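Residue numbers (the numbering used here), protein chains in the order written: chain R, 1 to 286; chain C, 1 to 295.
The hints are simulated quantities; they were obtained by calculation from the structure and are not laboratory data.
Certain hints may be false.
Derived coverage of chain R by chain C (criterion: at least 3 residues anywhere in the stretch with Cβ under 8 Å from a Cβ of chain C; other residues may be distant) [what the hints assert, rightly or not]:
{"no.": "1", "stretch": "123 to 133"}
{"no.": "2", "stretch": "201 to 209"}
{"no.": "3", "stretch": "225 to 233"}
Under 10 Å between C-beta atoms, here's a sample of chain R residues computed to sit facing chain C [as the list claims (entries may be wrong)]:
{"no.": "4", "residue": "ALA44"}
{"no.": "5", "residue": "ALA47"}
{"no.": "6", "residue": "GLY91"}
{"no.": "7", "residue": "GLY95"}
{"no.": "8", "residue": "PHE97"}
{"no.": "9", "residue": "PHE110"}
{"no.": "10", "residue": "VAL158"}
If you're wondering where the values come from, they're calculated on a predicted model, not measured in any experiment.
Glycine included, every Cβ here is placed at the ideal spot set by N, Cα and C.
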Amino acid sequence: MSTTASLDNRQTSLSKAVLAYVPRLETVGAWLLALLWISPLFYAAWAAFHPPGAVAEFDITAPLTLANFADAWSQAPFARYFFNTFVMVTGIVIGQFIICTLAGFAFARFPIPGRDVLFVLVLIQLFVFPEVLLVENYGIASNLGLVDTIPGIGLPYVASAFGIFLLRQTFKTIPRELEEAARMEGCGWMGVLLKVYVPLAMPVYLAYGLVSISHHWNNFLWPLVVTNSVETRPLTVGLAVFSAPETGVNWATISAATLMVVAPLLIAFLLFQRHFVQSFMRAGIR
Amino acid sequence: MRTLTQHRRMQIYGALLLLPAAALLSTFAYLPTILTAVRSVYEPGRGGRPDEFVGLENYTYLLEDPVFLQVALNNVIYAIGTIPTSIALALIMALFVNSKLPGRPFVRMAYFTPTVLPMIAAANIWLFFYAPEIGVLNKIVGALGMEERNWLGDPSTALGSVIVMTIWKEAGFFMIFYLAALQAIPPELKEAADIEGTSRWRFFWRVTFPLLMPTTLFVLINATINAVRVVDHLFILTKGGPNNATNLLLYYVYETAFSFFDQAYAATVTMTILVVLALLAVLKFGYLDRRIHYQ
């Protein structure tokens with residue numbers, strides 16, 4: 001790694017020699033921090049694959065085992081929790097795509113009276129989240145018969161201000177000429193939206209979809225409040241119930257359960273790392 | 001005349017497009033906000049009597065409630081403990097990952113991975129880490145000849161332990177915003193600085209850091225929102241204990257509403273969170289967005 005380019009030609013050879021070590025120090029620092037950062041996860045992985053006794057004693061020589069995973073899987077209805085999370089996340093993302101596309105399109109292209117005021121009202125939701133209002137939202141969900149249902153977990157998040165904002169910004173950058181061309185071919189507004197705007201915004205949908213999936217896969221507080229049965233509980237809530245100290249489950253089994261819950265998203269992340277990182281960047285920076 | 005009706009039709013069409021989002025936002029954002037504010041000035045009627053308007057009485061009680069004061073102070077400490085450190089670490093991580101580093105993909109993955117874990121899973125892992133007797137931290141501390149502790153059970157270390165875990169979870173997330181911003185800095189600036197013989201240290205403080213200011217403010221606001229909004233880890237690590245040492249505002253709302261069944265008071269505590277969030281919104285939209293150049 002060449003650092004000579006960054007060196008001042010007035011500097012002495014001694015300081016040059018010292019500075020030549022700076023990048024190496026940086027490398028060491030970067031790697032130490034990386035190892036420190038990943039170590040809790042490695043440790044959890046180690047614990048999940050070893051017998052509970054060996055985990056408590058830190059026996060590095062203990063044999064590998066899958067028994068902890070089998071235990072976790074049989075002691076709690078994780079298959080059902082996986083199913084619930086999958087249904088919930090799919091529902092939320094589809095709902096968000098539809099609702100936010102329509103609203104984003106309206107804000108980008110239609111002369112709605114009071115549009116700017118309405119848009120600011122939407123942006124307020126960027127700060128006021130369903131889980132912050134959990135007491136009243138529980139009451140509302142209860143009045144609508146949504147308590148302990150999967151739509152009850154998802155509906156408060158479907159009209160996402162973030163999604164509306166993101167799609168409005170994207171739609172505004174699409175040249176009107178493209179729209180005119182579609183109109184010439186006899187498309188109505190829905191045709192224009194589906195044939196021109198949505199296809200051109202695909203990268204934004206992908207980014208927003210990834211961010212939304214990881215957010216809702218991991219979401220906890222509102223699902224905890226609004227669900228109270230195995231049939232509706234998502235993975236996060238199921239894991240919290242499973243690992244509550246009252247249940248007396250051992251560390252190794254809890255580690256295995258934790259890894260199971262984390263695995264799908266983690267594997268997806270490792271496979272599509274670049275997509276994930278870029279999506280978070282794109283969605284966050286706007 | 002025809003263009004006028006066309007305009008009118010577009011207005012109606014636009015309003016219809018907006019309707020589903022408006023209905024959902026009204027139901028799950030505006031209505032509950034208003035209900036929270038209303039409930040905070042009422043006392044629930046006992047024995048079937050209607051709710052009684054009590055004005056600011058709940059708020060007076062709030063200011064005299066030692067638990068609330070402690071929880072609010074905890075949240076301030078939590079914010080001060082987590083935000084600057086996560087932001088500084090995020091910036092350092094981004095600088096590391098943005099440089100020509102051997103094994104850069106692994107390093108970037110290691111920094112970012114905690115971000116994709118659920119807070120609940122992260123807390124499970126760290127609970128294990130902090131546990132008395134068998135916890136890893138105590139093994140390390142013991143090996144170094146220092147005093148072993150019940151990190152989460154001791155009021156003097158519990159909040160600090162929660163803060164450390166939060167930093168671990170958040171720093172990698174903020175890193176990516178810095179990384180994006182660093183990649184947007186034109187390389188010509190660095191070349192010019194090299195020609196003039198500017199030291200790297202000086203270049204960072206005079207050029208890079210000021211150029212990253214919009215990112216820092218963006219991250220700062222998001223980190224502050226998270227400090228009042230995310231309490232998932234408390235459900236696993238401490239349940240707000242010992243003796244409220246790690247209780248935060250939103251967790252206190254949850255406890256008040258669902259363990260003590262005092263919804264009026266829960267609404268009053270929620271109002272304090274809403275005030276904090278409103279201040280952040282005003283800061284962002286009213287001030288920062290006009291001062292710094294966002295795209």
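Hints and how they fare:
With 11 residues bearing a CB less than 8 Å from a CB of chain C, the stretch 123 to 133 of chain R meets the requirement of three and the coverage assertion stands. For the stretch 201 to 209 of chain R, the assignment as covered by chain C is violated, since 0 residues bring a beta-carbon within under 8 Å of that chain's beta-carbons and 3 are needed. Taking a C-beta to C-beta cut-off of 8 Å, the stretch 225 to 233 of chain R contributes 1 residues in contact with chain C, too few for the three needed, and the coverage statement is violated. Taking 10 Å as the C-beta cut-off, the interface hint given for ALA44(R) holds, the closest approach to chain C being about 5 Å.
For ALA47(R), the interface hint holds, since its Cβ comes within 10 Å of a Cβ in chain C; the closest pair sits about 7 Å apart. Because the beta carbon of GLY91(R) sits about 13 Å from the nearest beta carbon in chain C, more than 10 Å, this interface hint is broken. The interface hint given for GLY95(R) is met, as the beta carbon of that residue sits about 9 Å from the closest beta carbon of chain C, less than 10 Å. Annotation: interface hint on PHE97(R) violated; nearest CB of chain C at approximately 12 Å, more than 10 Å.
A cut of 10 Å between beta carbons decides the hint on PHE110(R): the least distance to chain C is about 3 Å, and the hint holds. The beta carbon of VAL158(R) comes within 6 Å of a beta carbon in chain C, closer than 10 Å, and the hint placing it at the interface holds.
Of the numbered hints listed earlier, those contradicted by the structure are 2, 3, 6 and 8.
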